[in-house]
Amino acid sequence: MNYTWNWGIFLEPSPEGVGTYADMLLSGLSWTIATALCSWVIAFGLGSVIGVLRTLPSKTANAVGTAYVELFRNVPLLVQMFLWYFVLPEVLPTEIGTAVKQLPDAPFYTAVLCLGFFTASRVAEQVRAGIQSLPRGQRLAGTALGFTVAQTYRYVLLPNAYRIILPPLTSEFLNNLKNTSVALTIGLLELTARARSMQEFSFQVFEAFTAATILYVLINLVVIAGATLLERAVAVPGGR
Amino acid sequence: MFSNFDFSVIAASLPYLFGQGMVFTLTLTALAATGGIVFGTGLAMMRLSGIPGVTQAAKLYVELMRSLPLVLVIFWFYFLVPYIGAWVTGSATPIQVGAFASALVTFTLFEAAYFAEIMRAGIQSIAKGQSAAASALGMSYWQTMRLVVLPQALRNMLPLLLTQTIVLFQDTSLVYVLSLTDFMGAASKVAQRDGRLVEMYLFAALVYFAVCFTASWLVRRLQTRVAIIR
Chain A
934 MNYTWNWGIF LEPSPEGVGT YADMLLSGLS WTIATALCSW VIAFGLGSVI
984 GVLRTLPSKT ANAVGTAYVE LFRNVPLLVQ MFLWYFVLPE VLPTEIGTAV
1034 KQLPDAPFYT AVLCLGFFTA SRVAEQVRAG IQSLPRGQRL AGTALGFTVA
1084 QTYRYVLLPN AYRIILPPLT SEFLNNLKNT SVALTIGLLE LTARARSMQE
1134 FSFQVFEAFT AATILYVLIN LVVIAGATLL ERAVAVPGGR
Chain B
22 MFSNFDFSVI AASLPYLFGQ GMVFTLTLTA LAATGGIVFG TGLAMMRLSG
72 IPGVTQAAKL YVELMRSLPL VLVIFWFYFL VPYIGAWVTG SATPIQVGAF
122 ASALVTFTLF EAAYFAEIMR AGIQSIAKGQ SAAASALGMS YWQTMRLVVL
172 PQALRNMLPL LLTQTIVLFQ DTSLVYVLSL TDFMGAASKV AQRDGRLVEM
222 YLFAALVYFA VCFTASWLVR RLQTRVAIIR
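The listed protein sequences derive, respectively, from chains A and B. First residue of the first sequence? That's 934 in my numbering, and the numbers climb one at a time after it. First residue of the second sequence? That's 22 in my numbering, and the numbers climb one at a time after it.
Treat the hints loosely; a few may be bogus.
Stated by the list, open to error - Across the chosen pairs, the derived CB separations fall in these ranges: (1) A:A994 <-> B:Y162: 33 to 39 angstroms; (2) A:I1097 <-> B:K80: 24 to 30 angstroms; (3) A:A955 <-> B:T110: 33 to 39 angstroms; (4) A:L1154 <-> B:W108: 27 to 33 angstroms; (5) B:P73 <-> A:A994: 52 to 58 angstroms.
None of these hints come from the bench; they were simulated from the model. Idealized CB from N, CA, C, for every residue including glycine.
Full structure from sequences and hints, please.
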């Protein structure tokens, strides 16, 4: 094996002029985290709405929810990313399209929207499964108490459903975080992209990728630890 | 918005898109799914073996793969496979590995982690009494696995394995980062050559949607059939 290891590479200045290679990777890490968190807000909000739509007694609401989930689940993320980034500005009215293209940090906003809508379809499936796993009696009890449909969801079904689906939601959150790396194809300088450019500049392939791997594993561990704490904090006293 | 939509670009590139791109995508999906299920089953058996060291090694592999983004793993193996090849063949310099071989190794090893979790659930879904009965009949561990546990586990998990294969089919589009000519790669090459991004990417999305939607509909039908038999 004729690979020359050089772990000191991280402390050497990066060709960008400011900071070291380590700073470069950390800047990538912060873009990864920012993208993951912002897109999660959309995914969680929109996903909950779509998930609820699929459990409502209305046929139209069901159809809308199902159509959304099928559409966003059956097209690869990379293709969706390109549609948002390359196609959307072209099909918008010219002035808006040009304005969108000239936005600073356009890859970031695009990635947030794309991942938000993509992950929403997965969150919707979890929310639906959570609501459907509740005993029928809970919905009926809500109605018997004189709650409107909205109140039944707000005070009875959703608080229970979210507690049940907390573990699968955690893995959806982690998937969303990992999926941010697909945004490197539209020029977002997130962690994987930074590791890749470090490899291109310094030729230290394995150091760069090892560092990125360790950082991803660390974020995973932090998220899992956070989810465990959250689960404990929101557990119903005296529940399972 | 469709006033300057040029369908002839799509028509002209159909042979290239399907003859080269889709064939690549389907070949990669089929081979990686087969390899992934075989290796994943091995990992699941290792993880359930209870042998100290073996269990932990399988768990570490699965957890590590599942915590990394596929794009990073694709890059890892793209640079690592030549060195692994050199190590296997005892060569002094990294050997040249084709991009397809590299992608195949990547997807097989990456998806194996996901298939392993499905197979683990499948093996655990077989009642303990069955392997106990097999032992009582004098079967060895391998006989029990081959003749009793795995056929049922595979059958129970077939819908999930196929769904994961659909996910794999979608994931293969990420070989784009290695500039390979899979379906998406072919679409994007035509798109950039002719400056027809809108048409080509919309068409690619449509094709992926049609294939995945049909496939998942078939899996759902299969699922109800399997459910009736059980």
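Status of each hint after checking the structure:
Separation of A994 of chain A from Y162 of chain B is about 52 angstroms and departs from the stated range, judged on CB atoms against 33 to 39 angstroms. Taken as a hint, the range 24 to 30 angstroms holds for the pair I1097 of chain A and K80 of chain B, whose Cβ atoms sit roughly 26 angstroms apart. Between A955 of chain A and T110 of chain B the beta carbons are some 36 angstroms apart, a value that agrees with the proposed interval 33 to 39 angstroms. With their beta carbons about 30 angstroms apart, L1154 of chain A and W108 of chain B fall inside the hinted range of 27 to 33 angstroms.
A hinted range of 52 to 58 angstroms holds for the C-beta pair P73 of chain B and A994 of chain A, which are about 53 angstroms apart.
Hint violations for this structure: number 1 only, all remaining hints satisfied.
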